[in-house]
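Enquirer: This is what each chain is made of:
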Amino acid sequence: MTTLTKEAGAPSPADAGAFLSVRDLHVSFKTEDGIVRAVDGLSFDVQRGKTLGIVGESGSGKSVTNLTILGLHNPMFTTVEGEILLDGQELTTARESDLEKLRGNKVAMIFQDPLTALSPYYTVGRQIAEPYMKHMGASKKVAWARAVEMLGKVGIPNPKERAKDYPHQFSGGMRQRAMIAMALVCDPDLLIADEPTTALDVTVQAQILDLLKDLQQEFGSGIVFITHDLGVIADMADDIMVMYAGNAVERGTTNEVLRSPQHPYTWGLLNSMPRLDSDLGAPLAPIPGAPPSLLNPPSGCRFHPRCTFQDRVGGTRCVTERPLLAPDRASACHLTADQKRSIFIEEIKPRLG
Amino acid sequence: MTEDLVLPAPRDAAPEVSGDPLLVVEGLTKHFPVKGGFPIRRTVGAVQAVDGIDLTVHVGESFGLVGESGCGKSTTGRLITRLLEPSAGKITYSGQDITHASRKQLAPIRSEIQMIFQDPYSSLNPRQTVGKIISGPMEINGIQPAGGREGRVRELLEIVGLNPEHYNRFPHEFSGGQRQRIGVARALALEPKLIVADEPVSALDVSIQAQVVNLLQEVQRELGIAFLFIAHDLAVVRHFSHRVAVMYLGKIIEVGDRDSIYTRPRHPYTHALLSAVPEVNLGDDETVGRERIRLAGDVPSPINPPTGCRFRTRCWKAQDKCATEEPPLIQISGNLAGHLTACHFPEEPTIEARDEDIVLDPALAALEES
Numbered sequence: 001m002t003t004l005t006k007e008a009g010a011p012s013p014a015d016a017g018a019f020l021s022v023r024d025l026h027v028s029f030k031t032e033d034g035i036v037r038a039v040d041g042l043s044f045d046v047q048r049g050k051t052l053g054i055v056g057e058s059g060s061g062k063s064v065t066n067l068t069i070l071g072l073h074n075p076m077f078t079t080v081e082g083e084i085l086l087d088g089q090e091l092t093t094a095r096e097s098d099l100e101k102l103r104g105n106k107v108a109m110i111f112q113d114p115l116t117a118l119s120p121y122y123t124v125g126r127q128i129a130e131p132y133m134k135h136m137g138a139s140k141k142v143a144w145a146r147a148v149e150m151l152g153k154v155g156i157p158n159p160k161e162r163a164k165d166y167p168h169q170f171s172g173g174m175r176q177r178a179m180i181a182m183a184l185v186c187d188p189d190l191l192i193a194d195e196p197t198t199a200l201d202v203t204v205q206a207q208i209l210d211l212l213k214d215l216q217q218e219f220g221s222g223i224v225f226i227t228h229d230l231g232v233i234a235d236m237a238d239d240i241m242v243m244y245a246g247n248a249v250e251r252g253t254t255n256e257v258l259r260s261p262q263h264p265y266t267w268g269l270l271n272s273m274p275r276l277d278s279d280l281g282a283p284l285a286p287i288p289g290a291p292p293s294l295l296n297p298p299s300g301c302r303f304h305p306r307c308t309f310q311d312r313v314g315g316t317r318c319v320t321e322r323p324l325l326a327p328d329r330a331s332a333c334h335l336t337a338d339q340k341r342s343i344f345i346e347e348i349k350p351r352l353g
Numbered sequence: 001m002t003e004d005l006v007l008p009a010p011r012d013a014a015p016e017v018s019g020d021p022l023l024v025v026e027g028l029t030k031h032f033p034v035k036g037g038f039p040i041r042r043t044v045g046a047v048q049a050v051d052g053i054d055l056t057v058h059v060g061e062s063f064g065l066v067g068e069s070g071c072g073k074s075t076t077g078r079l080i081t082r083l084l085e086p087s088a089g090k091i092t093y094s095g096q097d098i099t100h101a102s103r104k105q106l107a108p109i110r111s112e113i114q115m116i117f118q119d120p121y122s123s124l125n126p127r128q129t130v131g132k133i134i135s136g137p138m139e140i141n142g143i144q145p146a147g148g149r150e151g152r153v154r155e156l157l158e159i160v161g162l163n164p165e166h167y168n169r170f171p172h173e174f175s176g177g178q179r180q181r182i183g184v185a186r187a188l189a190l191e192p193k194l195i196v197a198d199e200p201v202s203a204l205d206v207s208i209q210a211q212v213v214n215l216l217q218e219v220q221r222e223l224g225i226a227f228l229f230i231a232h233d234l235a236v237v238r239h240f241s242h243r244v245a246v247m248y249l250g251k252i253i254e255v256g257d258r259d260s261i262y263t264r265p266r267h268p269y270t271h272a273l274l275s276a277v278p279e280v281n282l283g284d285d286e287t288v289g290r291e292r293i294r295l296a297g298d299v300p301s302p303i304n305p306p307t308g309c310r311f312r313t314r315c316w317k318a319q320d321k322c323a324t325e326e327p328p329l330i331q332i333s334g335n336l337a338g339h340l341t342a343c344h345f346p347e348e349p350t351i352e353a354r355d356e357d358i359v360l361d362p363a364l365a366a367l368e369e370s
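Sequence lines, in order, name chains A and B.
If you're matching positions, the first sequence starts at 1 in the working numbering and goes up one per residue.
If you're matching positions, the second sequence starts at 1 in the working numbering and goes up one per residue.
Keep in mind that the hints were calculated from the coordinates and are not lab data.
Check each hint, because a few of them may be wrong.
Claimed, not checked - Among chain A residues calculated to face chain B with C-beta under 7 Å, some are:
{"no.": "1", "residue": "E57"}
{"no.": "2", "residue": "S58"}
{"no.": "3", "residue": "Q207"}
{"no.": "4", "residue": "D210"}
{"no.": "5", "residue": "H228"}
{"no.": "6", "residue": "D235"}
Every residue gets a Cβ at the ideal spot worked out from N, C-alpha and C, and that includes glycine.
Start from the sequences, fold in the hints, and give me the full structure.
Expert: Structural data, given as structure tokens:
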């Protein structure tokens, strides 16, 4: 294989730095109604062995970002600007043939709906073996053995026989396990999981999440975990990035973002989510309004039409000036750091119960 | 499933709700035939979607029905609204047996039992205006409210938080949350006494979900409408319901007051469900934890459910007795009044972390041991 072939052995501790760096990414689609700016100036890093959780509502651009990393967007209608560096290699300008060598090898993806993501035409074992044959140059027999091994690892009972089954013969949870097996078969450095448990029941979701965590320990992959569920992200991620309308609005470690959130949108998400231990006397505190259309996003801070703290900033800054997100622990909001802290402690935290 | 019919009679009212029973369901059963064979297709089996359940919804009460997909909670909702014909059992609404009532007999009752559907995209006719959709029920029932139908529709739009001027718009002009509000307005149009809400918020975004849950709660409290709230999200059900029933493979395995179910569950499956909910721990103390239970595998097929207790194939406490004898849904010792559990070997009534996690999933157990 070409330069992309992995070096033998485990990654040395020296590459503990960012494995994936996204810098000032802009993605827009041409549609009949105009240009949709799905992602607008996004930067983040993912390290080996760490999990970055991206949380946001539908239309916040979280899935588009990750499809772009894998080059799965339709180039006919999509404009991509900015940089995506994977292990030092620029992906936005990479040729399709180069990307092909990456997908399933260095970067793998787990999709939300395993029934549509698996081919109904091939056996599960064959689908898992295929990337191994393609990327590792393994023979059919070796690849099949590897597929069986992987199925066993993700907890499919009787993997030798079940590898010969077709996806429709698997239950939802087992299909998602098969997808995980397929994603991990080439021992990827980066795993992108796009709402991998949204279609599953809670008890199965808990199994799959724990399985992903345990496998990550074994394989040492970095994971980009996309979800709309703050509970899932709290369970899975080391770092969290909160997205709203194509922008990252807050980022930090899981503890920082969930225990001392700084952005009004994150406060809104936490307040609007019923929990098993929340106060039942009070109604939920939803975020007013609805997410904006990305055809014509609001000026300035994109959250300002739904934000209840605009007057604390004063003036028209929220409407005219887009707040920037500093690197590391930060939130993109015009409120001062003191204001954020005091508002959270005095007004938001008591309501969380 | 005749033995289910002799189960203890439905239970007492929840403390907060002093109403009379509005809806009484006894031994309700629905088996969908499975056809197979060639050239003559015969019935070769049955999907036992709902298999002998008892429940009571009181006037003005919200009753939550939780369970995983395939447990029969939606089928139950459809049986109660008589969108499906029950295979066995009895549905009594306001003292009247409606189990096999004809279309004509049902007509006056249908206006009192309304339904809110899960998917706000497919449950509204795209070719009708909002006004037409919401006034539809009034038209069918020949109701002429004071102030005219249009006036009433505008009033309803206001109740559900939409702009009355949107009367002439089409569903595609609204967002998901707004569409669900239209669905709520339609359900309210005939001033129903019971609303069956089948996963009303699960298709919505988190921030919108809260808006719709609050709306439903307001409607429930202010208009005194009884709700059968069907959902898989335990936190949402807890927020909304006075009483909660947990279903597994076509059976109710535990039912009781909200607090009793959520803080003092007895059935192992309820424990497993609660422990599986991913939660944001906002407390400062990281050591305080809930129990961790990881079941193995998926829910078995309802075509061929396990004998005896249906949960036994995934239960860590299962013994021989569980395979041979089906546990009755009764108030076992240690339960609060009205809290019924169907289990031979119930768990302790607490959700605190145990000394040792229960990990039944073989892959997880193997990975965690190494």
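Enquirer: All the hints need checking, so say for each whether the structure fits it.
Expert: Hint by hint, here is what the structure shows:
no.	hint	in the structure
1	E57	4 Å, holds
2	S58	6 Å, holds
3	Q207	5 Å, holds
4	D210	5 Å, holds
5	H228	6 Å, holds
6	D235	5 Å, holds
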